[in-house]
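Novice: Chains as they are written, first to last, in my numbering: chain A, 1 to 474; chain B, 475 to 569.
Heads up, some of the hints might be wrong.
Straight-line C-alpha distance at most 27 Å; calculated DSS-like pairs for lysine-lysine [claimed, not checked]:
#1 K65(A) with K103(A)
#2 K324(A) with K484(B)
#3 K496(B) with K78(A)
#4 K87(A) with K536(B)
#5 K50(A) with K103(A)
#6 K281(A) with K255(A)
#7 K476(B) with K299(A)
#8 K455(A) with K536(B)
#9 K87(A) with K557(B)
#10 K238(A) with K536(B)
#11 K281(A) with K376(A)
#12 K32(A) with K3(A)
#13 K87(A) with K476(B)
#14 K416(A) with K566(B)
#15 K416(A) with K496(B)
#16 K416(A) with K479(B)
#17 K324(A) with K536(B)
#18 K476(B) with K376(A)
#19 K87(A) with K496(B)
#20 K492(B) with K455(A)
#21 K503(B) with K87(A)
Stretch by stretch, here's where chain B covers chain A in the computed footprint (C-beta under 8 Å, at least three residues) [said to hold, decoys possible]:
#22 55-69
#23 219-225
#24 245-255
#25 372-381
In short, the hints are calculated from the structure, not lab data.
Being a predicted model, the structure only gives us computed values, none of them experimental.
Cβ coordinates follow ideal geometry from the N, Cα and C atoms, glycine included.
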Amino acid sequence: MPKSSLKQTLKDLDTKKISIRELNQDYLKRIKENENLNVFIHFSEDNVLKQLDNLENDNSAKKLKGIPIAIKDLFCTKSMPTTAASKILENFNPTYESFVTQKLLDEGSIFVGKTNLDEFAMGSATNTSFFGNTINPLSKENEPLAPGGSSGGSAAAVAADLCLGATGTDTGGSIRQPASFCGVVGIKPTYGLCSRWGIAAFASSLDQAGIFSHNVEDASILLQSIAGFDQRDSTSAKVDIPNYFENLDDDLNGKTVGIPKEYSIDGTPMEISQIWEDAIKVLEKKGVKIKNISLPHTKYALPTYYIIAPAEASSNLARYDGVKYGFRSDEIDSLDEMYENTRAQGFGREVKRRILIGTYVLSAGYYDAYYLKAQKVRKLIADDFNKAFKECDFIVTPTAPSAAFPLNEKQNDPIKMYLNDVFTVPASLAGLPGISIPFGKDKNNLPLGIQILGKHFDEQQVFNAAVSLERSYE
Amino acid sequence: MKIDKNTINKIARLSRIKLDDKESEDYIKDLNSILDWVEQLNEVNTENVEPLSNISSSILPKREDVSNDTNSSEEILENAPDKLEGFFAVPKVVE
Chain A
1 MPKSSLKQTL
11 KDLDTKKISI
21 RELNQDYLKR
31 IKENENLNVF
41 IHFSEDNVLK
51 QLDNLENDNS
61 AKKLKGIPIA
71 IKDLFCTKSM
81 PTTAASKILE
91 NFNPTYESFV
101 TQKLLDEGSI
111 FVGKTNLDEF
121 AMGSATNTSF
131 FGNTINPLSK
141 ENEPLAPGGS
151 SGGSAAAVAA
161 DLCLGATGTD
171 TGGSIRQPAS
181 FCGVVGIKPT
191 YGLCSRWGIA
201 AFASSLDQAG
211 IFSHNVEDAS
221 ILLQSIAGFD
231 QRDSTSAKVD
241 IPNYFENLDD
251 DLNGKTVGIP
261 KEYSIDGTPM
271 EISQIWEDAI
281 KVLEKKGVKI
291 KNISLPHTKY
301 ALPTYYIIAP
311 AEASSNLARY
321 DGVKYGFRSD
331 EIDSLDEMYE
341 NTRAQGFGRE
351 VKRRILIGTY
361 VLSAGYYDAY
371 YLKAQKVRKL
381 IADDFNKAFK
391 ECDFIVTPTA
401 PSAAFPLNEK
411 QNDPIKMYLN
421 DVFTVPASLA
431 GLPGISIPFG
441 KDKNNLPLGI
451 QILGKHFDEQ
461 QVFNAAVSLE
471 RSYE
Chain B
475 MKIDKNTINK
485 IARLSRIKLD
495 DKESEDYIKD
505 LNSILDWVEQ
515 LNEVNTENVE
525 PLSNISSSIL
535 PKREDVSNDT
545 NSSEEILENA
555 PDKLEGFFAV
565 PKVVE
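Required output: the full structure, derived from the provided sequences and hints.
Specialist: Structure follows, in structure tokens:
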């Protein structure tokens with residue numbers, strides 16, 4: 001089977017080689033055949049057929065007309081429920097559309113369903129969802145693998161070819177790590193490039209929407225579609241959005257790539273060091289100057305993140321109180337009882353753990369020692385990148401410290417789980433754009449990912465380096 | 475040990491999350507191990523470093539200061555677990 005591509009499909013639709021209906025029926029068939037992967041929290045064939053009918057009666061030209069797209073179930077959608085994979089939002093039907101999904105609708109895309117994720121995007125394996133695990137489509141029979149997380153459903157949806165692209169959100173690596181685990185492309189753009197309006201908030205100073213796709217070209221098309229200024233998000237950036245796809249240029253001659261020595265971490269599997277070296281060699285052959293750089297505060301990124309993200313989460317998730325929307329407990333003898341029982345029964349274990357830790361680090365007497373300290377270290381981490389980017393055009397690292405791990409691997413130790421994000425969190429703290437592309441395999445033939453980081457709002461450079469590496473690998 | 479039984483009860487109360495004894499025990503263990511781990515930040519000299527709270531602070535755009543009058547109370551109440559005459563309804567607060 002030839003690899004699916006959005007670019008090729010758009011051409012085939014244009015030349016009438018295939019109709020919108022045929023295309024989507026093909027995808028519906030595959031979605032139904034792959035129900036065992038538990039990719040979707042919400043999927044309704046009728047809903048897809050209804051969208052098809054509407055589009056067929058619409059004669060206007062639209063950029064993504066009829067293109068099947070999967071939506072992470074953290075984006076509010078009017079046409080489908082939105083759960084954030086939590087019991088507390090089990091029956092939530094948004095009355096408004098998120099900025100990102102509205103943009104995709106305006107361009108004529110078809111939403112095939114809402115994809116599974118870690119509850120409120122808190123996790124790295126899509127195993128904290130109230131609606132069960134998603135299975136990595138690359139698993140061998142009887143050996144289910146995790147798809148990564150938190151956007152594991154979206155990554156799996158692209159890997160199993162259940163859509164031509166998917167939305168995700170990335171707070172500390174939630175697009176890039178699952179992209180690496182599932183062997184697809186995933187881009188988290190610069191903080192502020194895509195409005196957060198209508199995305200259930202986790203950690204507002206870090207959350208950013210992005211794209212999963214089959215290849216870099218497709219990602220460049222889709223990212224352009226969801227980017228843009230929106231005054232309803234106070235951190236949305238007023239910047240020109242270039243035509244990333246038209247501007248793609250795989251000629252990197254004369255560019256400089258930064259290789260941060262701090263990303264060589266003890267215990268990283270040989271295979272991952274190997275693909276990193278391979279990528280550097282490929283770039284060198286293309287005339288790219290290799291520059292060893294230092295990001296000295298890298299080792300402090302994870303503990304910094306695990307103070308800031310839970311602190312912001314504890315504040316953001318205060319809104320789920322059983323009053324305005326979502327689940328309310330039956331045990332409601334008093335107002336306080338209602339709050340406490342609703343939140344005890346509505347949130348899962350990892351979410352409660354993060355709310356508790358966040359509440360602690362923000363509480364009187366501890367704020368300076370934890371939260372303020374973490375914000376200061378965050379500044380140093382961001383400064384490290386600013387200095388490094390004076391000497392290089394982009395940075396190349398591995399995406400994750402392992403390939404996809406078994407689904408049933410015991411995850412009792414939270415810190416061990418948090419280490420999955422070791423290579424992705426620093427760029428999140430600095431708000432930088434980053435992409436993960438498949439690059440090589442491990443000894444079990446599982447895909448490994450290479451991460452490319454760029455300067456703020458320099459997504460074009462990130463795409464150019466990514467497409468260049470991708471073309472050399474294929 | 476930073477978190478003991480009293481502290482976890484206090485945080486749980488601030489968070490409005492009821493915990494049973496078994497959960498309290500588990501969270502005491504988890505939170506202590508996480509707090510021990512983040513302790514390494516104390517190695518970093520942050521004297522005279524400005525805290526970074528918002529990565530995009532330098533480019534915050536302004537908007538026109540115009541009022542926008544919409545009545546969307548029905549939409550707002552649409553997902554409420556309990557409502558009464560155009561308001562959210564909650565258990566009785568005053569005895």
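Novice: All hints, please: hold or fail.
Specialist: Hint by hint, here is what the structure shows:
| no. | hint | verdict |
| --- | --- | --- |
| 1 | K65(A) with K103(A) | holds (12 Å) |
| 2 | K324(A) with K484(B) | holds (25 Å) |
| 3 | K496(B) with K78(A) | violated (40 Å) |
| 4 | K87(A) with K536(B) | violated (38 Å) |
| 5 | K50(A) with K103(A) | holds (19 Å) |
| 6 | K281(A) with K255(A) | holds (14 Å) |
| 7 | K476(B) with K299(A) | holds (23 Å) |
| 8 | K455(A) with K536(B) | holds (24 Å) |
| 9 | K87(A) with K557(B) | holds (21 Å) |
| 10 | K238(A) with K536(B) | holds (10 Å) |
| 11 | K281(A) with K376(A) | violated (36 Å) |
| 12 | K32(A) with K3(A) | holds (20 Å) |
| 13 | K87(A) with K476(B) | violated (31 Å) |
| 14 | K416(A) with K566(B) | violated (45 Å) |
| 15 | K416(A) with K496(B) | holds (22 Å) |
| 16 | K416(A) with K479(B) | holds (25 Å) |
| 17 | K324(A) with K536(B) | violated (30 Å) |
| 18 | K476(B) with K376(A) | holds (22 Å) |
| 19 | K87(A) with K496(B) | holds (21 Å) |
| 20 | K492(B) with K455(A) | violated (44 Å) |
| 21 | K503(B) with K87(A) | holds (25 Å) |
| 22 | 55-69 | violated (count 0) |
| 23 | 219-225 | violated (count 0) |
| 24 | 245-255 | violated (count 0) |
| 25 | 372-381 | holds (count 9) |
Hint compliance for this structure: hints 3, 4, 11, 13, 14, 17, 20, 22, 23, 24 are not met, and every other hint is.
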